[in-house]
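Asker: In case you want the letters, here they are:
2 protein chains.
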Amino acid sequence: MKISKRVNLMQESPIRKLLSYSDDAKSRGLKVYHLNIGQPDIPTPTFIYDAIKNYSEHVLAYGPSQGLKVARDTVAEYLNSMKYNVDHKDVFITTGGSEAIVFAMMVAADYGDEIIIPEPFYTNYNGFATMAGVKVVPLTTKVEDGFHLPEERELEKVITSKTKAILICSPNNPTGTIFTRKEMEMVVRVAKKHNLYILSDEVYREFVFDGKKHTSILEIEEARDISIMMDSISKRFSACGARIGYLVSKNPEIMKGVLKLGQARLCPPTIEQIGMIEGYKHMKSFMDEMIKEYQDRRDVVYENLKKVKGVFTRKPEGAFYVVVKLPVDNADEFAKWMLTDFSVDGKTVMVAPANGFYATEEMGKNEVRIAYVLNRNDLKDAIEILSKGIEEYNRRNSG
Amino acid sequence: MKISKRVNLMQESPIRKLLSYSDDAKSRGLKVYHLNIGQPDIPTPTFIYDAIKNYSEHVLAYGPSQGLKVARDTVAEYLNSMKYNVDHKDVFITTGGSEAIVFAMMVAADYGDEIIIPEPFYTNYNGFATMAGVKVVPLTTKVEDGFHLPEERELEKVITSKTKAILICSPNNPTGTIFTRKEMEMVVRVAKKHNLYILSDEVYREFVFDGKKHTSILEIEEARDISIMMDSISKRFSACGARIGYLVSKNPEIMKGVLKLGQARLCPPTIEQIGMIEGYKHMKSFMDEMIKEYQDRRDVVYENLKKVKGVFTRKPEGAFYVVVKLPVDNADEFAKWMLTDFSVDGKTVMVAPANGFYATEEMGKNEVRIAYVLNRNDLKDAIEILSKGIEEYNRRNSG
Chain U
1 MKISKRVNLM
11 QESPIRKLLS
21 YSDDAKSRGL
31 KVYHLNIGQP
41 DIPTPTFIYD
51 AIKNYSEHVL
61 AYGPSQGLKV
71 ARDTVAEYLN
81 SMKYNVDHKD
91 VFITTGGSEA
101 IVFAMMVAAD
111 YGDEIIIPEP
121 FYTNYNGFAT
131 MAGVKVVPLT
141 TKVEDGFHLP
151 EERELEKVIT
161 SKTKAILICS
171 PNNPTGTIFT
181 RKEMEMVVRV
191 AKKHNLYILS
201 DEVYREFVFD
211 GKKHTSILEI
221 EEARDISIMM
231 DSISKRFSAC
241 GARIGYLVSK
251 NPEIMKGVLK
261 LGQARLCPPT
271 IEQIGMIEGY
281 KHMKSFMDEM
291 IKEYQDRRDV
301 VYENLKKVKG
311 VFTRKPEGAF
321 YVVVKLPVDN
331 ADEFAKWMLT
341 DFSVDGKTVM
351 VAPANGFYAT
361 EEMGKNEVRI
371 AYVLNRNDLK
381 DAIEILSKGI
391 EEYNRRNSG
Chain F
1 MKISKRVNLM
11 QESPIRKLLS
21 YSDDAKSRGL
31 KVYHLNIGQP
41 DIPTPTFIYD
51 AIKNYSEHVL
61 AYGPSQGLKV
71 ARDTVAEYLN
81 SMKYNVDHKD
91 VFITTGGSEA
101 IVFAMMVAAD
111 YGDEIIIPEP
121 FYTNYNGFAT
131 MAGVKVVPLT
141 TKVEDGFHLP
151 EERELEKVIT
161 SKTKAILICS
171 PNNPTGTIFT
181 RKEMEMVVRV
191 AKKHNLYILS
201 DEVYREFVFD
211 GKKHTSILEI
221 EEARDISIMM
231 DSISKRFSAC
241 GARIGYLVSK
251 NPEIMKGVLK
261 LGQARLCPPT
271 IEQIGMIEGY
281 KHMKSFMDEM
291 IKEYQDRRDV
301 VYENLKKVKG
311 VFTRKPEGAF
321 YVVVKLPVDN
331 ADEFAKWMLT
341 DFSVDGKTVM
351 VAPANGFYAT
361 EEMGKNEVRI
371 AYVLNRNDLK
381 DAIEILSKGI
391 EEYNRRNSG
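Listed in order, the protein sequences are those of chains U and F. Residue numbering for the first sequence follows the numbering used here, beginning at 1 and increasing consecutively. Residue numbering for the second sequence follows the numbering used here, beginning at 1 and increasing consecutively.
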């Protein structure tokens with residue numbers, strides 16, 4: 001007796017698949033710098049915890065499937081502070097950004113339909129696509145172009161009769177690239193021309209550096225009826241374990257469909273919605289400082305990576321990731337080797353092999369994703385260890 | 001541009017679809033007794049809230065995809081107190097029982113495969129089946145038989161080459177029926193013979209009355225390799241808004257598949273897992289009293305329903321629901337009418353039309369599900385109002 005083919009064929013998370021090796025390394029007494037996962041070290045703001053502690057309903061009851069009214073109002077208000085013209089009826093609270101993406105895929109496409117995603121992309125999209133039964137069709141972007149989108153005709157080339165949507169993520173995980181307004185408008189133009197939905201993952205909206213500007217799909221009037229914006233409080237409030245996200249669409253048919261999916265799973269967690277509300281109330285008080293901290297970290301990582309012989313990357317524009325080309329043949333093997341065979345002064349580094357962030361086979365074989373979610377000193381130390389690791393790895397392999 | 005067919009074709013929740021009418025009734029100043037939804041009124045135990053309030057990690061971080069180790073240990077210990085011989089490795093913490101069911105369906109079956117479910121069944125299975133892309137094949141049970149399972153050959157009749165699993169729920173939502181050990185063994189026998197998985201929803205395990213005994217799939221040695229038990233703390237701890245459930249399987253292939261699905265959505269809510277742990281620690285201190293309360297409520301509902309002319313039902317054996325045959329042609333219309341056109345002393349009653357709990361069209365047209373989740377006085381009052389409503393409704397319609 002066999003489990004289902006779809007689950008059997010699912011890839012393991014490239015972010016988490018080397019965990020047993022890092023556990024082994026730790027049990028041998030090594031310190032492991034985790035650059036593999038986007039788990040921020042920034043403390044969750046106390047006002048979020050305070051709201052959670054103050055929750056005092058006698059019964060921790062089912063909430064509304066679409067989220068608490070006050071939570072939806074809060075999200076609408078937050079988005080309207082950027083003049084996105086959103087009503088609480090356009091907002092649906094989900095269990096993490098993950099659920100928002102799965103629901104968006106299920107509403108936009110049927111089994112066997114296709115969704116185009118620029119690659120490299122957040123690897124979990126593969127898992128969501130498997131759950132939703134849709135096929136991911138990659139649109140390749142390249143480190144040499146700073147992972148910006150290719151020409152309009154390249155996007156049109158991958159559209160088939162089965163294509164139902166284009167999924168974009170900006171600021172991008174894993175590349176750190178911010179799509180320009182022009183790129184966003186190009187996507188909208190193509191989507192309108194070919195009757196496609198746009199699923200826009202904007203989880204890293206605030207994580208933009210050097211005065212650059214993020215363009216939301218909600219800013220583009222022409223995309224009004226065809227778009228679903230997906231968001232999460234995980235990174236914004238350093239509250240990944242809260243599992244609160246949401247999706248926003250101004251198309252009532254989409255929202256009606258999402259409600260049916262949402263009713264099936266009853267409701268998102270109640271208490272954390274209260275936490276989220278407080279988060280948005282006090283957002284300004286900590287956001288600027290947090291973004292500045294990430295920009296400083298980005299600088300530490302980028303400046304130190306540049307010094308490493310044979311390494312190639314562009315300066316990331318936002319989010320807190322960077323995809324780096326290494327002078328190794330197989331980044332998967334290298335990442336494992338760093339955990340099993342290498343250390344400097346009792347310390348080593350865990351990175352995520354980037355191959356798993358591509359849908360096209362063989363792509364990204366010599367690339368890794370680095371998440372800069374540690375303090376600057378640790379990051380500097382980690383990149384130094386990585387650099388020494390590359391040197392040692394290549395010496396052994398050429399020996 | 002159309003949303004996906006699968007979502008477009010999803011039925012609305014029969015439990016929630018009349019909500020706009022009850023909202024209207026309330027805005028007209030009426031009190032509405034909610035017998036439509038399984039939302040207990042029992043206060044969530046304070047030790048669960050205390051654990052949540054005492055959570056003090058600086059970062060509310062991603063937890064492990066399979067749940068916190070200490071949470072999995074707690075579940076294993078709880079199940080082992082009933083001698084089910086479960087290791088923490090057999091336990092996977094999910095976001096509510098809902099996610100446990102979706103994951104179980106996805107692991108057991110591929111798109112287009114079939115899962116057999118005795119009907120009437122918990123209506124949200126339809127939604128989960130849509131999400132998982134599997135077809136629900138009903139096995140009809142009847143109020144006259146107390147909704148117990150039909151003969152073995154009736155079950156075998158609905159098996160096709162596409163059948164991958166049998167899903168059972170005992171104590172049953174919506175019928176309150178407890179499947180006997182003999183019935184459970186029959187299901188296991190048929191499943192083994194035809195190479196099917198068994199998905200066993202045991203959310204109401206403790207909700208058994210009159211000294212009756214619940215049989216878990218985990219008790220049946222022969223089912224060891226083919227079964228997935230699905231559970232939730234929502235009803236047990238009156239904590240529906242916590243969104244914590246889990247699934248248990250002793251088949252490592254199943255657990256490996258579930259882990260891949262779980263990694264895609266990252267993790268279940270962290271803080272509520274801590275709440276769950278405290279819940280199980282102190283379970284004995286409140287469970288007996290709570291079950292006695294539900295049994296007393298069951299008696300109030302059953303005794304008062306028996307007195308209503310033309311109403312037929314069997315005495316429910318567990319859970320906190322009962323499916324009742326009413327002397328009306330269309331229970332859907334009747335349930336709506338109770339909210340729009342009827343009241344007694346400024347009060348009316350909301351019930352869930354049972355048709356939506358059947359997959360076979362036309363079944364359950366004159367049945368409703370009643371959830372006895374109110375105190376006994378309110379329940380008595382509600383059944384009296386329901387009784388008067390039936391009388392008035394039939395007088396008008398025959399007039």
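Among the clues, some could well be false.
Identical chains blur together in the list; that is why a pair holds if it fits in one copy or across any two.
[Stated by the list, open to error] Taking lysine-lysine and the DSBU-like style, the derived pairs with C-alpha atoms no more than 30 Å apart in a straight line are:
| no. | residue 1 | residue 2 |
| --- | --- | --- |
| 1 | LYS31 | LYS256 |
| 2 | LYS135 | LYS162 |
| 3 | LYS307 | LYS135 |
| 4 | LYS336 | LYS281 |
| 5 | LYS388 | LYS2 |
| 6 | LYS69 | LYS157 |
| 7 | LYS83 | LYS380 |
| 8 | LYS192 | LYS26 |
| 9 | LYS336 | LYS256 |
| 10 | LYS193 | LYS2 |
| 11 | LYS17 | LYS5 |
| 12 | LYS281 | LYS53 |
| 13 | LYS83 | LYS2 |
| 14 | LYS135 | LYS5 |
| 15 | LYS89 | LYS284 |
Please keep in mind that the hints were generated in silico from the structure rather than gathered at the bench. Computed from a prediction, not measured in an experiment: that's the story for all the values here.
Asker: So, for every hint listed, does it hold in this structure?
Answerer: Hint check results:
Within a single copy, LYS31 and LYS256 get their C-alpha atoms only as close as 49 Å, which misses the 30 Å cut-off; across copies the closest is 28 Å, which meets it. For a Cα distance limit of 30 Å, the shortest separation of LYS135 from LYS162 qualifies both inside one copy, at 9 Å, and across copies, at 23 Å. Taking the shortest Cα distances, LYS307 and LYS135 never come within 30 Å of each other, neither inside one copy (40 Å) nor across copies (57 Å). Proximity of LYS336 to LYS281 under the C-alpha cut-off of 30 Å is found in neither arrangement, the shortest distances being 43 Å within a copy and 40 Å between copies.
Taking the closest pair of Cα atoms, LYS388 and LYS2 never come within 30 Å of each other, the shortest separation being 45 Å inside a single copy and 55 Å across copies. Taking the closest pair of Cα atoms, LYS69 and LYS157 never come within 30 Å of each other, the shortest separation being 43 Å inside a single copy and 47 Å across copies. Taking the shortest alpha-carbon separations for LYS83 and LYS380, neither the intra-copy value of 39 Å nor the inter-copy value of 52 Å comes in at or below 30 Å. In this assembly of identical chains, the alpha carbons of LYS192 and LYS26 never lie at most 30 Å apart, being 52 Å within a copy and 43 Å across copies at closest.
For the homomeric pair LYS336 and LYS256, the shortest alpha-carbon distance between copies (21 Å) is at most 30 Å, but the shortest distance inside one copy (46 Å) is not. In this homomeric assembly, LYS193 and LYS2 come within 30 Å of each other (Cα to Cα) only across copies, at 15 Å, whereas the closest approach inside a single copy is 43 Å. With identical chains, the CA atoms of LYS17 and LYS5 are at most 30 Å apart within one copy only, with a shortest distance of 20 Å there and 35 Å across copies. In this assembly of identical chains, the alpha carbons of LYS281 and LYS53 lie at most 30 Å apart whether taken from the same copy (17 Å) or from different copies (21 Å).
In the homo-oligomer, the alpha carbons of LYS83 and LYS2 lie at most 30 Å apart only across protomers (28 Å), although the nearest pairing inside one protomer, at 52 Å, exceeds that limit. Taking CA atoms no more than 30 Å apart as the test, LYS135 paired with LYS5 passes in both settings, with 15 Å inside one copy and 16 Å between copies. Taking the shortest alpha-carbon separations for LYS89 and LYS284, only the intra-copy value of 25 Å comes in at or below 30 Å, while the best inter-copy value is 43 Å.
In the structure shown, a violation is registered for the earlier hints numbered 3, 4, 5, 6, 7 and 8, in ascending order.
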